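Below, each chain spelled out in residue letters.
Number of protein chains: 2
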Amino acid sequence: MIREKISQAPSIMKEENIDLWLTFARETEVIRDPVLDLILGANCTWQSAFIITSEKDTVAIVGSLDETRIRETEGYEVIGYKQGIGETLIRQLDRFSPGRIAINYSENDLMSDGLTHGMYLILMKYLEGTPYADRLVSSEGIISKLRGRKSPEEIRRIKKNIDLTEMIFSKVSEYMKPGMTEKEVAAFILDQVAKEGVETSWEKEQCPSVFTGPESAGAHAGPTDRKIEKGHVLNIDFGTRSERYCSDLQRTWYFLRDSETKAPEEVIEPFNTIRDSIALAAAKIRPGMEGREVDTIARKYITDKGYDEFPHALGHQVGQATHDGAGLLCPEWERYGNLPYLKIEENQVYTIEPRINIPGYGVATMEEIIVVRPDGGQFLSDPQKEIILI
Amino acid sequence: MIREKISQAPSIMKEENIDLWLTFARETEVIRDPVLDLILGANCTWQSAFIITSEKDTVAIVGSLDETRIRETEGYEVIGYKQGIGETLIRQLDRFSPGRIAINYSENDLMSDGLTHGMYLILMKYLEGTPYADRLVSSEGIISKLRGRKSPEEIRRIKKNIDLTEMIFSKVSEYMKPGMTEKEVAAFILDQVAKEGVETSWEKEQCPSVFTGPESAGAHAGPTDRKIEKGHVLNIDFGTRSERYCSDLQRTWYFLRDSETKAPEEVIEPFNTIRDSIALAAAKIRPGMEGREVDTIARKYITDKGYDEFPHALGHQVGQATHDGAGLLCPEWERYGNLPYLKIEENQVYTIEPRINIPGYGVATMEEIIVVRPDGGQFLSDPQKEIILI
Chain A
-16 MIREKISQAP SIMKEENIDL WLTFARETEV IRDPVLDLIL GANCTWQSAF IITSEKDTVA
44 IVGSLDETRI RETEGYEVIG YKQGIGETLI RQLDRFSPGR IAINYSENDL MSDGLTHGMY
104 LILMKYLEGT PYADRLVSSE GIISKLRGRK SPEEIRRIKK NIDLTEMIFS KVSEYMKPGM
164 TEKEVAAFIL DQVAKEGVET SWEKEQCPSV FTGPESAGAH AGPTDRKIEK GHVLNIDFGT
224 RSERYCSDLQ RTWYFLRDSE TKAPEEVIEP FNTIRDSIAL AAAKIRPGME GREVDTIARK
284 YITDKGYDEF PHALGHQVGQ ATHDGAGLLC PEWERYGNLP YLKIEENQVY TIEPRINIPG
344 YGVATMEEII VVRPDGGQFL SDPQKEIILI
Chain B
-16 MIREKISQAP SIMKEENIDL WLTFARETEV IRDPVLDLIL GANCTWQSAF IITSEKDTVA
44 IVGSLDETRI RETEGYEVIG YKQGIGETLI RQLDRFSPGR IAINYSENDL MSDGLTHGMY
104 LILMKYLEGT PYADRLVSSE GIISKLRGRK SPEEIRRIKK NIDLTEMIFS KVSEYMKPGM
164 TEKEVAAFIL DQVAKEGVET SWEKEQCPSV FTGPESAGAH AGPTDRKIEK GHVLNIDFGT
224 RSERYCSDLQ RTWYFLRDSE TKAPEEVIEP FNTIRDSIAL AAAKIRPGME GREVDTIARK
284 YITDKGYDEF PHALGHQVGQ ATHDGAGLLC PEWERYGNLP YLKIEENQVY TIEPRINIPG
344 YGVATMEEII VVRPDGGQFL SDPQKEIILI
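Listed in order, the protein sequences are those of chains A and B.
According to the numbering used here, the first sequence is numbered sequentially starting from -16.
According to the numbering used here, the second sequence is numbered sequentially starting from -16.
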């Protein structure tokens, strides 16, 4: 998979008009540039430079103690150094004499922002007095395309995790009963994860997240001792990780009161609004649209029905990382930088995950996963059609 | 432990003449500033700012979805935001009106360099037009002191991992036989680690590292299918992690040839040189010395005996991280930046780990751990006295 991604890079670099792509890193067990999972798959200790050129040259400059293990990755011509990387790095730049150099920082895309500011300053010192200092640009364009354009094999791995997650959701529907706590439900799910021999998609203190009833903690919190009651809307945010890829899905349940045989209208209506907004966004998404346009489709559908807008982006990419970097289906908010304006590409894999608070009941939210095709979003998940009744 | 570290910070900030310490972070499951293990112990998703002032105020500004989980950490006044952090951040800076602001980047100390360059640029945009942009300095001074000055409880945890590692080394001495591969030895050690219910100090593909014979891979490589032979010098680099702290030790063995009852002189002599250089450095180290001075003591002892100098630093700090940041006992090489000149402090915990290649046999290397006391280095490990014969 790493060889596949390295070989994808030069043609993307030509699209982006980049001659040389430099990833500068150190002590990657402490701070690991996420792009190394795409193009290296090993750790390095001392200052290290990974170079890919638009002419398909690949060079790794690493500390002498790291030479052996980087050589084992097989993707690179490996050059070791002892006292300092500066001179060797300049010599390699001279060798390729690149006009435009992409380096691993980005204001917009966190998955392209692995260079620390201290390392940036070190790099600038090395480049002082060379022609290269003025030729640097962000590698976000390369990385987001490399990460976003999923190969059939990558999609297969994501789909496998989606299927597994849905299978576990089915078991949870059998298992959950009023009186159980959020933590008990989470523990059941983690048991299933262990039984399948996979990992959770993000840290298991919060994966799964389980939220029951009208006073639950809201997104990004761990499960609590809050008990499921009849009349609660409950939702779970969960995904699995295997073969280095992952899934990220949400489903919503309703616990019938003794007198009920179906959920009350005030629950069904927002649920259906969520469901239909997802279907609409999936149907309308196209390569070439900007992320904000897709966000707006679902956001407007929901607010037009009189509901509050959801306080986050409509969807993010999924891949090796749960939040797999730029692009994003998001509104034009300060914290999203240029992401709302990035163009959607074919074979990107996105979540779609709007939410509505239902006063007195809980939160209705589903999170589905689609892959972008020329004629719209193709669901990789099996979209939830009805609120699940227990 | 996090509360203890947070409460240690204001007095260190006064020493460093810093009024406000700002740690700026995002999506910490992808890139996690290592200082968050000291002062937060949780993850955040959106752009987040963690403020500690020299007057003991603590404020966390986090995305609204993260509010609950950050509130659960209890160390901070938590302020949530929805669309962008900029305005809230400026308001908090105005509230404290700091003269000198430390932020989380460093050229020298990787453990103080968690701010990515993209995030630095974002922060600069927020601060544009405010008086604060010109008041920024690196927080490396705060972080290295906070991390370096180990409390008795921190030393207890490190010592516990050292004892465990030494216990496992004893079992390895019983287990190893000529004919076994490096991988078999490593698998035995990992079994012991699992049995003890702890973790390895660094990634378990390379922890333990096992190197046997004259043609082994050198440091920082994983164990191979190379077989132990009679006449081999073998060394292992290994440590355990429990209670969030770790150890990092090396030991050296010799496999007797059929005719031998002790190791040959050409093995014993470099072994003893290593051993004695460690003892000398530990005896001479004092608070207030510069790291390079201690490095030189051992380096010179070894080269004076006619051996090559070791191609790395004499020792690093150990704590929550295997390489626990600045200071460092290192030579004045380019890649070490200002680290050779940092002053050693009381209660810092250092490895001492010189090495000598023994042509035709392998590598002699020990790695011991000391804590710096006013009158010298106190061994936390039980220093290896003789090469272990098998």
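Simulated from the structure, these hints should not be mistaken for lab results.
Some clues are possibly wrong.
It does not matter which identical chain is meant; a pair holds if it fits inside one copy or across any two.
[Stated by the list, open to error] Simulated pairs of lysine-lysine, DSBU-like, Cα-Cα distance not exceeding 35 Å: (1) 128 with 210; (2) 108 with 160; (3) 166 with 187; (4) 368 with -3; (5) 39 with 187; (6) 39 with 178; (7) 178 with 267; (8) 178 with 108; (9) 39 with 368; (10) 368 with 210; (11) 154 with 108; (12) 143 with 108; (13) 128 with 108; (14) 187 with 65; (15) 213 with 39; (16) -3 with 108; (17) 288 with 108; (18) 128 with 166; (19) 143 with 65; (20) 267 with 166; (21) 210 with -3; (22) 39 with 283.
All values derive from a computational prediction rather than experimental measurement.
Hints and how they fare:
For the identical chains of this complex, residue 128 and residue 210 are neighbours neither inside a copy (44 Å) nor across copies (45 Å), given an alpha-carbon limit of 35 Å. In this homomeric assembly, residue 108 and residue 160 never come within 35 Å of each other (Cα to Cα): the closest approach is 62 Å inside a single copy and 51 Å across copies. Taking the shortest Cα distances, residue 166 and residue 187 sit within 35 Å of each other both inside one copy (12 Å) and across copies (31 Å). Taking the shortest alpha-carbon separations for residue 368 and residue -3, neither the intra-copy value of 44 Å nor the inter-copy value of 60 Å comes in at or below 35 Å.
For the homomeric pair residue 39 and residue 187, the shortest alpha-carbon distance between copies (32 Å) is at most 35 Å, but the shortest distance inside one copy (39 Å) is not. In this assembly of identical chains, the alpha carbons of residue 39 and residue 178 never lie at most 35 Å apart, being 43 Å within a copy and 47 Å across copies at closest. In the homo-oligomer, the alpha carbons of residue 178 and residue 267 never lie at most 35 Å apart, since the shortest distance is 39 Å inside one protomer and 54 Å across protomers. For a Cα distance limit of 35 Å, the shortest separation of residue 178 from residue 108 qualifies neither inside one copy, at 51 Å, nor across copies, at 48 Å.
In this assembly of identical chains, residue 39 and residue 368 lie within 35 Å of each other by CA distance neither inside one copy nor across copies; the values are 47 Å within and 52 Å between. Taking CA atoms no more than 35 Å apart as the test, residue 368 paired with residue 210 passes inside one copy only; the shortest distance there is 26 Å, against 60 Å between copies. In this assembly of identical chains, the alpha carbons of residue 154 and residue 108 never lie at most 35 Å apart, being 57 Å within a copy and 49 Å across copies at closest. Taking the closest pair of Cα atoms, residue 143 and residue 108 never come within 35 Å of each other, the shortest separation being 46 Å inside a single copy and 42 Å across copies.
Taking CA atoms no more than 35 Å apart as the test, residue 128 paired with residue 108 passes in both settings, with 30 Å inside one copy and 26 Å between copies. When the C-alpha separation of residue 187 and residue 65 is checked against a cutoff of 35 Å, the pair qualifies only between copies, where the shortest distance is 25 Å, while the shortest distance within a copy is 40 Å. Taking the shortest Cα distances, residue 213 and residue 39 never come within 35 Å of each other, neither inside one copy (61 Å) nor across copies (46 Å). Within a single copy, residue -3 and residue 108 get their C-alpha atoms as close as 28 Å, and across copies as close as 31 Å, so both meet the 35 Å cut-off.
Taking identical chains as interchangeable, the C-alpha atoms of residue 288 and residue 108 are never at most 35 Å apart, the minima being 57 Å within one chain and 37 Å between chains. Taking the closest pair of Cα atoms, residue 128 and residue 166 never come within 35 Å of each other, the shortest separation being 39 Å inside a single copy and 39 Å across copies. In the homo-oligomer, the alpha carbons of residue 143 and residue 65 lie at most 35 Å apart only across protomers (34 Å), although the nearest pairing inside one protomer, at 44 Å, exceeds that limit. For a Cα distance limit of 35 Å, the shortest separation of residue 267 from residue 166 qualifies neither inside one copy, at 38 Å, nor across copies, at 54 Å.
For the homomeric pair residue 210 and residue -3, neither the shortest alpha-carbon distance inside one copy (56 Å) nor that between copies (47 Å) is at most 35 Å. For the homomeric pair residue 39 and residue 283, neither the shortest alpha-carbon distance inside one copy (45 Å) nor that between copies (45 Å) is at most 35 Å.
In this structure, the hints that do not hold are numbers 1, 2, 4, 6, 7, 8, 9, 11, 12, 15, 17, 18, 20, 21 and 22, in rising order.
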